[in-house]
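In case you want the letters, here they are:
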Amino acid sequence: MTCKTEELLISLIAPHLAECRHICVGVSSPIPGAAAQLARCKSNDRIVVNLLGDFRHNSFTSGGQEIFDMAGQGRIDAFFLGGGQIDGQANINLVGTGTYPQTDVRWSGSFGSAYLYYLVPNVILFREEHSPRVFVPKVDFVSAPGLSPPEHHRVGGPKCLITGKAEFSFDPIAGRFTLVSVHPGYTVDDIVQSTGFDFDMPDDVPQSKEPDAETLALIRGPVAEQIRGLYPVFADKVFA
Amino acid sequence: MTCKTEELLISLIAPHLAECRHICVGVSSPIPGAAAQLARCKSNDRIVVNLLGDFRHNSFTSGGQEIFDMAGQGRIDAFFLGGGQIDGQANINLVGTGTYPQTDVRWSGSFGSAYLYYLVPNVILFREEHSPRVFVPKVDFVSAPGLSPPEHHRVGGPKCLITGKAEFSFDPIAGRFTLVSVHPGYTVDDIVQSTGFDFDMPDDVPQSKEPDAETLALIRGPVAEQIRGLYPVFADKVFA
Amino acid sequence: MQQTKFLSVDELVTMVPDDCNLAIIKDDSSAPSEAVRALIRRGVKGLHLLTVPTGGYPSDLLIGADCVASVETSGVSLAEFGPAPRFGKAVKSGKIVIRDATCPAVYAALQAGEKGLPFIPLRGVLGSDVAKNRDDWKVIDNPFAKDGDSDPVLLLAAIRPDVALIHAEKADRFGNVWVGREKEMATVAHAAHCTLVTVEEIVDEDLMASTTTAAGTLSNMYVDAIAQAKNGAWPVGLGDLYGRDGAHLQLYAAAARDDDAFEDYLQQFVMTAPVADKIKATA
Amino acid sequence: MQQTKFLSVDELVTMVPDDCNLAIIKDDSSAPSEAVRALIRRGVKGLHLLTVPTGGYPSDLLIGADCVASVETSGVSLAEFGPAPRFGKAVKSGKIVIRDATCPAVYAALQAGEKGLPFIPLRGVLGSDVAKNRDDWKVIDNPFAKDGDSDPVLLLAAIRPDVALIHAEKADRFGNVWVGREKEMATVAHAAHCTLVTVEEIVDEDLMASTTTAAGTLSNMYVDAIAQAKNGAWPVGLGDLYGRDGAHLQLYAAAARDDDAFEDYLQQFVMTAPVADKIKATA
Numbered sequence: 022m023t024c025k026t027e028e029l030l031i032s033l034i035a036p037h038l039a040e041c042r043h044i045c046v047g048v049s050s051p052i053p054g055a056a057a058q059l060a061r062c063k064s065n066d067r068i069v070v071n072l073l074g075d076f077r078h079n080s081f082t083s084g085g086q087e088i089f090d091m092a093g094q095g096r097i098d099a100f101f102l103g104g105g106q107i108d109g110q111a112n113i114n115l116v117g118t119g120t121y122p123q124t125d126v127r128w129s130g131s132f133g134s135a136y137l138y139y140l141v142p143n144v145i146l147f148r149e150e151h152s153p154r155v156f157v158p159k160v161d162f163v164s165a166p167g168l169s170p171p172e173h174h175r176v177g178g179p180k181c182l183i184t185g186k187a188e189f190s191f192d193p194i195a196g197r198f199t200l201v202s203v204h205p206g207y208t209v210d211d212i213v214q215s216t217g218f219d220f221d222m223p224d225d226v227p228q229s230k231e232p233d234a235e236t237l238a239l240i241r242g243p244v245a246e247q248i249r250g251l252y253p254v255f256a257d258k259v260f261a
Numbered sequence: 022m023t024c025k026t027e028e029l030l031i032s033l034i035a036p037h038l039a040e041c042r043h044i045c046v047g048v049s050s051p052i053p054g055a056a057a058q059l060a061r062c063k064s065n066d067r068i069v070v071n072l073l074g075d076f077r078h079n080s081f082t083s084g085g086q087e088i089f090d091m092a093g094q095g096r097i098d099a100f101f102l103g104g105g106q107i108d109g110q111a112n113i114n115l116v117g118t119g120t121y122p123q124t125d126v127r128w129s130g131s132f133g134s135a136y137l138y139y140l141v142p143n144v145i146l147f148r149e150e151h152s153p154r155v156f157v158p159k160v161d162f163v164s165a166p167g168l169s170p171p172e173h174h175r176v177g178g179p180k181c182l183i184t185g186k187a188e189f190s191f192d193p194i195a196g197r198f199t200l201v202s203v204h205p206g207y208t209v210d211d212i213v214q215s216t217g218f219d220f221d222m223p224d225d226v227p228q229s230k231e232p233d234a235e236t237l238a239l240i241r242g243p244v245a246e247q248i249r250g251l252y253p254v255f256a257d258k259v260f261a
Numbered sequence: 006m007q008q009t010k011f012l013s014v015d016e017l018v019t020m021v022p023d024d025c026n027l028a029i030i031k032d033d034s035s036a037p038s039e040a041v042r043a044l045i046r047r048g049v050k051g052l053h054l055l056t057v058p059t060g061g062y063p064s065d066l067l068i069g070a071d072c073v074a075s076v077e078t079s080g081v082s083l084a085e086f087g088p089a090p091r092f093g094k095a096v097k098s099g100k101i102v103i104r105d106a107t108c109p110a111v112y113a114a115l116q117a118g119e120k121g122l123p124f125i126p127l128r129g130v131l132g133s134d135v136a137k138n139r140d141d142w143k144v145i146d147n148p149f150a151k152d153g154d155s156d157p158v159l160l161l162a163a164i165r166p167d168v169a170l171i172h173a174e175k176a177d178r179f180g181n182v183w184v185g186r187e188k189e190m191a192t193v194a195h196a197a198h199c200t201l202v203t204v205e206e207i208v209d210e211d212l213m214a215s216t217t218t219a220a221g222t223l224s225n226m227y228v229d230a231i232a233q234a235k236n237g238a239w240p241v242g243l244g245d246l247y248g249r250d251g252a253h254l255q256l257y258a259a260a261a262r263d264d265d266a267f268e269d270y271l272q273q274f275v276m277t278a279p280v281a282d283k284i285k286a287t288a
Numbered sequence: 006m007q008q009t010k011f012l013s014v015d016e017l018v019t020m021v022p023d024d025c026n027l028a029i030i031k032d033d034s035s036a037p038s039e040a041v042r043a044l045i046r047r048g049v050k051g052l053h054l055l056t057v058p059t060g061g062y063p064s065d066l067l068i069g070a071d072c073v074a075s076v077e078t079s080g081v082s083l084a085e086f087g088p089a090p091r092f093g094k095a096v097k098s099g100k101i102v103i104r105d106a107t108c109p110a111v112y113a114a115l116q117a118g119e120k121g122l123p124f125i126p127l128r129g130v131l132g133s134d135v136a137k138n139r140d141d142w143k144v145i146d147n148p149f150a151k152d153g154d155s156d157p158v159l160l161l162a163a164i165r166p167d168v169a170l171i172h173a174e175k176a177d178r179f180g181n182v183w184v185g186r187e188k189e190m191a192t193v194a195h196a197a198h199c200t201l202v203t204v205e206e207i208v209d210e211d212l213m214a215s216t217t218t219a220a221g222t223l224s225n226m227y228v229d230a231i232a233q234a235k236n237g238a239w240p241v242g243l244g245d246l247y248g249r250d251g252a253h254l255q256l257y258a259a260a261a262r263d264d265d266a267f268e269d270y271l272q273q274f275v276m277t278a279p280v281a282d283k284i285k286a287t288a
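Chains as they are written, first to last, in this note's numbering: chain L, 22 to 261; chain A, 22 to 261; chain F, 6 to 288; chain V, 6 to 288.
In short, the hints are calculated from the structure, not lab data. Beta carbons are placed, not taken as given, at the ideal position from N, Cα and C, and that holds for glycine. Heads up, a few of these hints could be off.
Distance condition first, Cα-Cα at most 27 Å in a straight line; then the derived DSS-like pairs of lysine-lysine [what the hints assert, rightly or not]:
| id | chain 1 | residue 1 | chain 2 | residue 2 |
| --- | --- | --- | --- | --- |
| 1 | F | Lys151 | A | Lys159 |
| 2 | L | Lys230 | L | Lys180 |
| 3 | A | Lys258 | A | Lys186 |
| 4 | F | Lys151 | V | Lys143 |
Just some of the chain F residues that point at chain V, by a computed CB distance under 7 Å [as the list claims (entries may be wrong)]:
| id | residue |
| --- | --- |
| 5 | Gly121 |
| 6 | Pro123 |
| 7 | Ala136 |
| 8 | Arg139 |
| 9 | Lys143 |
| 10 | Pro157 |
| 11 | Val158 |
| 12 | Ala162 |
| 13 | Arg186 |
| 14 | Ser215 |
| 15 | Ala219 |
| 16 | Tyr270 |
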């Protein structure tokens, strides 16, 4: 691979954001943040990006509730979610493993996922670690479900899943992931072995497309610059 | 009478506010506003007074909803309401006379009365015009009721009614007004003639107490000064 | 998000469609008087007007000029200059549909709209004729009440106006609008599908650049278009920037009591001449 | 309204009773770290902690020091410094009762408290295990849904904390507190029965005197007492005033993984010495 894994992931996420008007990115999310900035660059600044936790550069002036209110208003087109566990129906678990509430492992909590997953049209699932402990047949705790019954008000949900090894799309009718491409250095068999849930795939699974020279220049130039303020350690590591 | 009617009314309202921590006064209410300021003076500034419509001197920074939120929080101890019609059960009508909605006379509307009357513990009813067209047996439209059935959440309501001719107290158990005092220049019979609703009274109805010299000095001094900013025309007329 | 457009007032009001739900804020806080005059010049029709939470001169003017089909309000008045004559006449004649509200209900319903909630409860109101005449409001028994206790609670449907028309002190070149303490401007803009703003001036300073000014700023994400309108609230006041033009409001209050005089008023003060000339004409 | 009192931090926290409902705001917005250290020194017990909407260093510290009986939170973490070790351990052991929430639910429930509503609806959440484990939340069928349509809606009970403990950049001599864009400080203070504030500095300027500063100010009507605490959020950051002390948070994250090391941490960084010395001790 001619680029770093982080650069590949940034370039793979960005095309999913191209049609957005407004992308929000949660705290501690340098790769999604960079992907959103890349999409913004490619849109000639038509796309608005708000990075939570960036006290200097965001549009929020009404307090912590504003991002959730905006989602309720339909003004957020894309958001990123991850999970300690993610299953084949796109359920995500940010709470812990084992039996709730005295879970064996306790993570931080569900944060805004139990709301934003329902209300943001394009939720990009992103988890760099691609292993059977993350991608499980069934999550131990549903912080937010991938699917809801038709009577539940839901205008948003998962569009795709991007990991350190592969990219999947999600079909909300079938309620299943489909393997879209495998990152350079991995095989389809690697993906099957690392994924604890069952998924669909075409006969021929292509390799994930590496960023072209122009995209790579954007990532290493303006995107790196924009992301450095909020994520200096990440920027130093990836764009040194 | 050694003082003006306005001064008498200010001095009669103020004692009802003495135990308050926080008094709000609606727009276009110079006499209630002055009474609140008098109560504040007499409390050595322990009482906080907020005059709506005074853009320079009030505590509200969260927009127009803040006063209603504060009432819901239980942070407003007294407020003033009036009405185009007020009846003997302390129902008030700020909407119009005749059959709703195409009333014969249309007033402005109910403003915050349909909420504040329920939530502010001490509502002072104030209407200078004391006539049978104002004080009616039954209001044509209940902007806000004087009484509510026990299952309705209600922590506030009418405490008294002060007019240009007399002062009444209100008994929420009986649901009736009692004549407390008659202003200098009027007789009990005048009050009976000018009041369209039935009310109680003691055998001996005292004359309303005129302000003592100290009170009058406060009204004409600091109170006049505080009220002049918001109500210059009123201040010029009364305290010239 | 589309970029905030910068237009003239007359261009701005072409973005208010006939028959839409239009929200405007109370006098002295954010009254869009000049934009309303431009709307009348434009000949807008069939507006469903929401006053936040009360209306004054601009509402009475819009109603008098036959632009309004219905009004939801907690009260329309000219304050110390008396009742709102065209509003009163239109309600009495049945020419407009009136939906009487109460101030906190308007705010709460807009806040529900702002939060994307389907409805919001409100204390008070029960047993009033305000509640009885609003068949779009519901009453449920509080599901959180202690066992066996009946606790009826009013529920209001969320309001999301099609258009919010706001007048503010200033905006910056990026489309951010200073709202200061008048946070209802932000509430209405958040809840509305389209927000159009007139401002006294457009400043060079980026209002979002410092925390001090950002704290009182509505970001351009909520602002569709801005037009400069110096004295745009006139004859109504604007916060602590300027007070009411009492002489003109008195003149208006008198004119609006009479059909012919109101027509003359429209010709003299609405259909023609820019604001500055109108102020001079009164003084 | 009683006047705002000016106290020392250790005096301030005597106003937090044992066993009360205590609300604190998320790291980097308004984390009351020094007040929390004073609470631990005071030996407070049985707190029912609400994190608005998430918790970090102060929450983990309070839990680790055995001050907390239950916590309602949308998440407790040390962000880039990893999970919150004392929180995780206390939940796993069952030492504290956990009520998992989601950020907008905390905000909405506090806004219901602020408005005096008995409850407030919220979209989303249905079908999650978050909802399934909250028997204090209810689901009703939306009474405004179109005829025949089922539209279940989550209802949250309003939250009114006994005490809100806030750290802000500055207050003035009159007790008005600058909140800037962090309006959740105002929301929490409005909803709480008692609001205690630590500030970086107390300024001479009256924050309510100009519209510009008033727009970002919580008025003293909501503020019971104020104490100055320079670097009061440390080692957490405070808005755009100062960032996190990464070295110290790393040190804390390591210490908090081990019972003995955590005890040592409490002795060294909580039970003694003023903040300035602690910052030096890390650097």
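The hints, checked one at a time:
1. Simply put, Lys151/F and Lys159/A have alpha-carbon atoms about 35 Å apart, too far for the 27 Å limit, and the pair is violated.
2. For a cut-off of 27 Å, the pair hint linking Lys230/L to Lys180/L stands: about 19 Å separates their Cα positions.
3. Note on Lys258/A and Lys186/A: the hinted pairing holds, with a Cα-Cα distance of about 20 Å set against a maximum of 27 Å.
4. Under the criterion of a C-alpha separation no larger than 27 Å, the hint pairing Lys151/F with Lys143/V is consistent with the structure, at around 14 Å.
5. With a least beta-carbon distance of about 6 Å to chain V, the hint placing Gly121/F at the interface is held under the 7 Å criterion.
6. A least Cβ separation of about 5 Å between Pro123/F and chain V falls short of the 7 Å threshold, and the interface hint therefore holds.
7. For Ala136/F, the interface hint is violated, the least distance from its beta-carbon to any beta-carbon of chain V being 15 Å, above 7 Å.
8. With a least beta-carbon distance of about 13 Å to chain V, the hint placing Arg139/F at the interface is violated under the 7 Å criterion.
9. Hint on Lys143/F holds. Least Cβ distance to chain V is approximately 5 Å, under the 7 Å limit.
10. The restraint placing Pro157/F at the interface with chain V is violated, with a minimum CB-CB distance near 11 Å, outside the 7 Å limit.
11. Checking Val158/F against chain V by beta carbon gives a least distance of about 6 Å; that is within 7 Å, so the hint holds.
12. The beta carbon of Ala162/F is positioned within 7 Å of a beta carbon in chain V (closest approach about 5 Å), and the interface hint is therefore held.
13. Satisfaction of the interface hint for Arg186/F is found here, the shortest Cβ-Cβ separation to chain V being roughly 5 Å, below the 7 Å cut-off.
14. Hint status for Ser215/F relative to chain V: violated, with the closest Cβ pair at about 9 Å, above 7 Å.
15. A distance limit of 7 Å between C-beta atoms decides the matter here; for Ala219/F the minimum to chain V is near 5 Å, and the interface restraint holds.
16. Hint on Tyr270/F is violated. Least Cβ distance to chain V is approximately 33 Å, over the 7 Å limit.
Hints 1, 7, 8, 10, 14, 16, counting from the list given before, are not met by this structure.
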